[in-house]
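S.K.: Work the whole structure out from these sequences, hints included.
One line per chain: the protein sequences are E and A, in this order.
For the first sequence, the numbering used here puts the final residue at 592, and the numbers step up evenly by one.
For the second sequence, the numbering used here puts the final residue at 302, and the numbers step up evenly by one.
No wet-lab data here; the hints were simulated from the structure.
Possibly wrong hints are sitting among the right ones.
[Stated by the list, open to error] Here are the simulated lysine-lysine pairs, DSSO-like style, with alpha carbons at most 30 Å apart:
no., chain 1, residue 1, chain 2, residue 2
1, A, Lys126, E, Lys585
2, A, Lys133, E, Lys300
3, E, Lys301, A, Lys137
4, A, Lys126, E, Lys301
5, E, Lys301, A, Lys209
6, A, Lys133, A, Lys249
7, E, Lys589, A, Lys301
8, E, Lys300, A, Lys126
9, E, Lys304, A, Lys209
10, A, Lys137, A, Lys249
Computed from a predicted model, the values in this text were never measured in an experiment.
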Amino acid sequence: MAKDFTVATHAVTGETRKFREKAPLKKRFKQNWDCYLYLAPYGIIFFIFTILPVLMSMVLSFTYFNILETPKFIGLDNYMNLLANDDIFLKALQNTLLIACITGPAGYIGALMFAWLINELSPVMRAIMVTVLYAPSLSGGAIAVWQVLFSGDAYGWANGVLLDMNLIQEPIQFLTNTDYMIWICIIIQIWMSLGAGFLSNVAGFRSLDRSQYEAGYVDGISNRWQELWFITLPAMRPQMMFSAVMSITSAFTVGWISNSLFGIPSTDYAVHTILNHMEDYGNTRFEMGYACAIATVLFVTMVLLNQLMQKVLRKVGQ
Amino acid sequence: MARKTKEINVEKIKASKKVFNPGPGRSRWGNIINFLFLCFIGVIMLFPMIYIVNNAFKPLDELFMFPPNFFVRNPTLDNFTNISVLMSESWVPFSRYVFNTVFVTVVATFFHIILASLAAYVLEKRDFPGSKPIFKIMEISLMFTATATAIPNYIIMSKLGMIDTYWALILPYVGSTMGLYLMKQHLTSTIPNSLLEAARIDGAGELKIFRSIVMPLAKPAWLTMMLFAVQAMWAQQGASQIFTEVKKPLTYALNQIITGGVARAGAGAAVQLIIITPPILLFILTQTQVLDTMASSGMKD
Chain E
275 MAKDFTVATH
285 AVTGETRKFR
295 EKAPLKKRFK
305 QNWDCYLYLA
315 PYGIIFFIFT
325 ILPVLMSMVL
335 SFTYFNILET
345 PKFIGLDNYM
355 NLLANDDIFL
365 KALQNTLLIA
375 CITGPAGYIG
385 ALMFAWLINE
395 LSPVMRAIMV
405 TVLYAPSLSG
415 GAIAVWQVLF
425 SGDAYGWANG
435 VLLDMNLIQE
445 PIQFLTNTDY
455 MIWICIIIQI
465 WMSLGAGFLS
475 NVAGFRSLDR
485 SQYEAGYVDG
495 ISNRWQELWF
505 ITLPAMRPQM
515 MFSAVMSITS
525 AFTVGWISNS
535 LFGIPSTDYA
545 VHTILNHMED
555 YGNTRFEMGY
565 ACAIATVLFV
575 TMVLLNQLMQ
585 KVLRKVGQ
Chain A
2 MARKTKEINV
12 EKIKASKKVF
22 NPGPGRSRWG
32 NIINFLFLCF
42 IGVIMLFPMI
52 YIVNNAFKPL
62 DELFMFPPNF
72 FVRNPTLDNF
82 TNISVLMSES
92 WVPFSRYVFN
102 TVFVTVVATF
112 FHIILASLAA
122 YVLEKRDFPG
132 SKPIFKIMEI
142 SLMFTATATA
152 IPNYIIMSKL
162 GMIDTYWALI
172 LPYVGSTMGL
182 YLMKQHLTST
192 IPNSLLEAAR
202 IDGAGELKIF
212 RSIVMPLAKP
222 AWLTMMLFAV
232 QAMWAQQGAS
242 QIFTEVKKPL
252 TYALNQIITG
262 GVARAGAGAA
272 VQLIIITPPI
282 LLFILTQTQV
292 LDTMASSGMK
302 D
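M.R.: So this is what it looks like as structure tokens:
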């Protein structure tokens, strides 16, 4: 009997859905209990390794915890120390914000702009260009090539070329001179910023409804710029939102570039990011409570920024 | 002879017209500038890659030449044979590193695809209490990538006794959100509810429907999940999760060669080529399906 009911409600669309939402919770639960069974294997793993870490770091951030002993509640001490006593955290925060404020928007706009430009090409050229532009983020493991390009001796490519052209007299220590380090970090981050968000944009442009444009041209749109603002961008909003999430995440988790290129800690903490600071306290000093406070700051910043972006994006094309 | 060149010219003009054909609201010069600009950007993006490829085939004297030469002159395979020499000296056999990476990648990819797709299927096609809030949480957690949750994750794994086991590398990826998110969005647009209804009326169970209707039709989506999974697992170094040398992944072992510095420059370049090749090849093979999947990746409010 119950099964028949499921069939009837699933078979009809639209209005029945409304009716189904009104069906009492108990009934919906009884008809769909098996869903929980199918969701469980993934759901449990997801909870343990993605949700629990976030919840746990929020709780542990109020404690002193070194993994071996039981956590001791110390109130807001970790946060007070972060803001008042930890100069290196403030330096890391400053570096992270500088990197995020440049690479985030650059990566986001780049992902949208290149997807738009690529869309104007013929299908074969488009496929080649997508691969070329996406390749850097595919090859994330190959960060060491930058070490060779910017190596501090004359065998480093950048130094070699500059020396050869007599622009400099002695090699620049790109990877240890604090004037250059953060900019190299930013260049690499931008180089790798065309990731999943970029693919989403490319696919979004490709699947836009052509008839909308024909209608637009009848209505008086006359060039590709007007087309972009009045038709394309509003239709691309879902992809742009997805891409925003991707950009925010990658802009705030840049730690591993400096990790493998400049070492930990980097000279004068010049490219020390929040993520590096967290790893330093978590993996090296095992002050987990403190590391969790840093993680919480990171999570809260990312979620708030994301909410802000979603609000801004709703205004596009209006 | 003259006639033939003329024909080719005509074809060339036709071809160029096709490439730079200005559509409505398009000027031909705009299209040409666009094309040249993209080529310029493409060269910049590829620059480090081309450098890797060239360096991998350079003999030692070219690697240490001043002024440095961008392109290789006398390509050689010495650097690759050097890797095997270096690796044969290590007390953990090279094949063991390869096994570790292949095992971890295959297991994580397989379980991620099966479990996340099954979850995505019920979240999208069944309306059970809690389905919408659960998916909303998953959508938000797209931001909590493995790098961001590394430290609390380490505590959890150490409490579960998973540190220094393959599970420490496998399980976090199985439970990652990106794959589930893409699969769910893909199912919205590809599989009509009426098809599932018909199957249910014919008496097919949910698992049967999942296996013989949903997964075959959602092939682009799980190929995309595979690409992302292989990409992530291949780059895994497990530096903070795996301490026993015999369990370390390949990328870790290869990176040890790069850390050898100047003396290992040649082998290091070859290693980098080995590290970047598989994900790029996989993307070239799956590009059409990946773009199909990403077309529905947008977030609706």
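S.K.: Confirm or reject each hint.
M.R.: The hints, checked one at a time:
Distance restraint check for lysine 126 of chain A and lysine 585 of chain E: the Cα-Cα separation of roughly 29 Å lies within the 30 Å cut-off, and the hinted pair is therefore satisfied. The straight-line distance between the Cα atoms of lysine 133 of chain A and lysine 300 of chain E is roughly 17 Å, inside the 30 Å bound, and the hint therefore holds. Between lysine 301 of chain E and lysine 137 of chain A the alpha-carbon distance is near 23 Å, which keeps this suggested pair within the 30 Å criterion. Taken as a hint, the lysine 126 of chain A and lysine 301 of chain E pair is honoured in the structure, with Cα atoms around 17 Å apart against an allowance of 30 Å.
Distance hint between lysine 301 of chain E and lysine 209 of chain A is fulfilled; the C-alpha atoms sit about 24 Å from each other, no more than 30 Å. The suggested pairing of lysine 133 of chain A with lysine 249 of chain A is violated, with an alpha-carbon distance near 40 Å, which exceeds 30 Å. The hinted pair formed by lysine 589 of chain E and lysine 301 of chain A meets the criterion: a straight-line CA distance of about 14 Å does not exceed 30 Å. Between lysine 300 of chain E and lysine 126 of chain A the alpha-carbon distance is near 19 Å, which keeps this suggested pair within the 30 Å criterion.
For the hint pairing lysine 304 of chain E with lysine 209 of chain A, the CA-to-CA distance comes to about 21 Å; that is within 30 Å, so the pair holds. With a CA separation close to 36 Å, the supplied pair lysine 137 of chain A and lysine 249 of chain A exceeds the 30 Å bound.
Hints 6, 10 from the list above are not met by this structure, while the remaining hints are.
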